[in-house]
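Novice: So the protein lines, in turn, are chains A and B.
Taking my numbering, the leading residue of the first sequence gets 1, the next gets one more, and so forth.
Taking my numbering, the leading residue of the second sequence gets 1, the next gets one more, and so forth.
Since the hints were made in silico from the structure, they are not lab data.
Values in this document were obtained by computation on a predicted structure and should not be read as measured data.
Just so you know, even glycine gets a beta-carbon here, dropped at the ideal spot from N, CA and C.
Mixed in with the good hints, there may be bad ones.
Stated by the list, open to error - Simulated coverage check for chain B against chain A, where a stretch passes if three residues somewhere in it have a Cβ under 8 Å from a Cβ of chain A:
#1 58-72
#2 78-88
#3 327-339
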Amino acid sequence: MPYCPRCGVEVDPSVRACPLCCTAIPVFDDLGPGEPAWPTSTEEKALDPSRAYASSSERRARAFLGVAAVFTTAGLAVGAVDLFTTRGVTWSRYPLISLAAGFGLVASALVWHRRPRVWGGTWLLLIAGLLLGLDWADDGRAGWFPTLGLPLAVAPFLLTWLGVVLIRGFRRRGYNVLGVVFSLVTVELLSIDGVVTLWSGQGGWGWSMVASLVLVPMAFLFFFLHFALHRTPDLRRTFHF
Amino acid sequence: MPASNAPRPWMRLDNAAKIFPSVASDRLTHWFRLAVRFSTEVNPKTLTRALHAIVPRFPSFRVRLRPGFFWYSLVEDSDLPAVYPESASPCMEFKKPARGLYRVRWFGKRMAVEFHHALTDGVGGLVFLRALVAEYLVLTGISAQDEEDVRRVTKVPDTREGRDDFQTLFDPAFPRYETWDKAFHPRTELLPKGSYAVTTGRVPLGATLSMARERGASLTEFLAATLIAAFQDGFLALPALERRRRARPLRIVLPINLRPMFDSATLRNFFVVVPVEIDLRLGPYDFDEIVRKVHHQLQAEMDAKLLKKQIMRNLRGELHPVARLLPLPVKALILRGVFGAYEKRHTASLSNLGRVSWPPPWSDHISDAEFTPPPSPHCRVNAGVVSFGDTLSVTFGNLSFDPSVEKAFFTRLRRQGLPVAVESNRELGEV
Chain A
1 MPYCPRCGVE VDPSVRACPL CCTAIPVFDD LGPGEPAWPT STEEKALDPS RAYASSSERR
61 ARAFLGVAAV FTTAGLAVGA VDLFTTRGVT WSRYPLISLA AGFGLVASAL VWHRRPRVWG
121 GTWLLLIAGL LLGLDWADDG RAGWFPTLGL PLAVAPFLLT WLGVVLIRGF RRRGYNVLGV
181 VFSLVTVELL SIDGVVTLWS GQGGWGWSMV ASLVLVPMAF LFFFLHFALH RTPDLRRTFH
241 F
Chain B
1 MPASNAPRPW MRLDNAAKIF PSVASDRLTH WFRLAVRFST EVNPKTLTRA LHAIVPRFPS
61 FRVRLRPGFF WYSLVEDSDL PAVYPESASP CMEFKKPARG LYRVRWFGKR MAVEFHHALT
121 DGVGGLVFLR ALVAEYLVLT GISAQDEEDV RRVTKVPDTR EGRDDFQTLF DPAFPRYETW
181 DKAFHPRTEL LPKGSYAVTT GRVPLGATLS MARERGASLT EFLAATLIAA FQDGFLALPA
241 LERRRRARPL RIVLPINLRP MFDSATLRNF FVVVPVEIDL RLGPYDFDEI VRKVHHQLQA
301 EMDAKLLKKQ IMRNLRGELH PVARLLPLPV KALILRGVFG AYEKRHTASL SNLGRVSWPP
361 PWSDHISDAE FTPPPSPHCR VNAGVVSFGD TLSVTFGNLS FDPSVEKAFF TRLRRQGLPV
421 AVESNRELGE V
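Isolated chain A, as found in the complex:
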């Protein structure tokens, strides 16, 4: 068998480089091509060798600079137009706050791409900050934000997190995923409706109850399809503890 001149291990004749140190294996014609030890990449999913030495942090740093350049250019352009036309910062406060939040959203995903919980939390803060900023830009104080903006920003995050946790916990995914999605959409609609009516001083639920009457039976139907119709349930097996 051919061997690696660097680390001294024998390797399969079909191999062109040592699997341990990547040193090229000398080719001896009399040994023949040999049989491959594993399927080739065309037959099945293969490992990507190019990523062995590529640094993902460099790629992300480049992307970060590109995104920063785009958002900064857009911000400067908007600010300049406002400055030239109105001799001050007036209407451009809204797009500038939105651009800053947008940049924060993209940047946090790039920086913490391996830590979804961290950038998920950052997104929540940024979106809440965006709403607070827009509220403040109106009249220089927080008016509708604490009672309307904050609950509307927090509720979808909590529900999405809950949905992800539930769905990832399912060993067998099917109709149960739809059941969870319909249930959470119902809760989200109820919370939007409840928060808006409470903020407007009326209280209670309106249109969301009509939507719930449609969505809740759908959710039950999907759970039923998933769990009950699959096979006659064995209650002793299902509930053994």
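Got chain A; can you put chain B on it based on the hints?
Specialist: Same frame as chain A, but now just chain B:
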């Protein structure tokens, strides 16, 4: 009610298996693999016939996993298993999950069986593999006069094979098992999901064993010491500041087969792991020091009472009333946290299944065996060891791009004068 809709026979998961399905993910699959290489090309049709022939002999393997309200359970699977072509990345979940908890693959002269840890452990898997290989060779026209202890289809299944023998050891009087502190983990970049780098090195068993004996160690102790030394090489290559920051105990866990110790015939999981370690904060160790430490630590840990203490810890977790009453999704969340914390407490695992054999003339048609450990994104490099004839196979499963531990391990063996033949599914051939 149609017969096909009737409730199927089912059984509880064993104590060790209970945690695996709940914490499984795309990378933490809990599939491990045993393989043999024949002297001729594998015929997949004959292999399928052999597989179907031995299925009734292993009723505890003819199951699939079903979630319940409180726990997963194993229900009888009436479908006959299929044989799959080899994959470039073994031990990964299928995109469309296969129903069974084991799958048979073939590629060229190699035949492999991948098992889910919810079903069995390495020793149980080895029993199944021996029966499958024997049946395959019989179907190709090679019979053995003396079949030794190979569990042929002609033998009646033993009811003890499907038993959860952990439960028979429960003793509430045992004290609590001490937890370990966090262990050293090399910083590496994960492979993409669905990829698992497997590197197998083959060395002569006799020469390796003599080398271990010269140092007063067993083969497992010698290999564990070499693995610790390989990890230490990587640690010592770090910059000084990084070394100071990351210095922790370098802990390897070794699964121990409990069957001989507690007189068990089960084919389900029946093992615990014992730790061997060096503390990187205390400075570098030379190889002989590591061998001595590993030898004494393992000898101290291989005590039936100590092992039982660890079993009690696992059983207490399962039998705790609050844990039992929690619904499965809530339990899964907690178990993920518990398992993640457990994985942080050891650097890697090294599992030695020992010697696998078939009686002649079957053994004449087999050239070697392999054991691939299950992948883990926390402890990214793990090793599986099995020997056949005079060939010792050490297989590294690695979920990262970095093959430096395998390299250090095999080059250490090479420097000690052992001839090492390496093969891998890493496509590093593009130089």
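Novice: Run every hint past the structure and note whether it holds.
Specialist: Verification of the hints:
For the stretch 58-72 of chain B, the stated coverage by chain A is satisfied: 8 residues place a CB nearer than 8 Å to a CB of that chain, which reaches the threshold of 3. A count of 4 residues in the stretch 78-88 of chain B with a Cβ less than 8 Å from any Cβ of chain A is obtained; the coverage claim is therefore met, three being the minimum. By the rule of at least three residues with a Cβ nearer than 8 Å to a Cβ of chain A, the coverage given for the stretch 327-339 of chain B holds, with 4 such residues.
Hint check: no violations occur; every hint is consistent with the structure.
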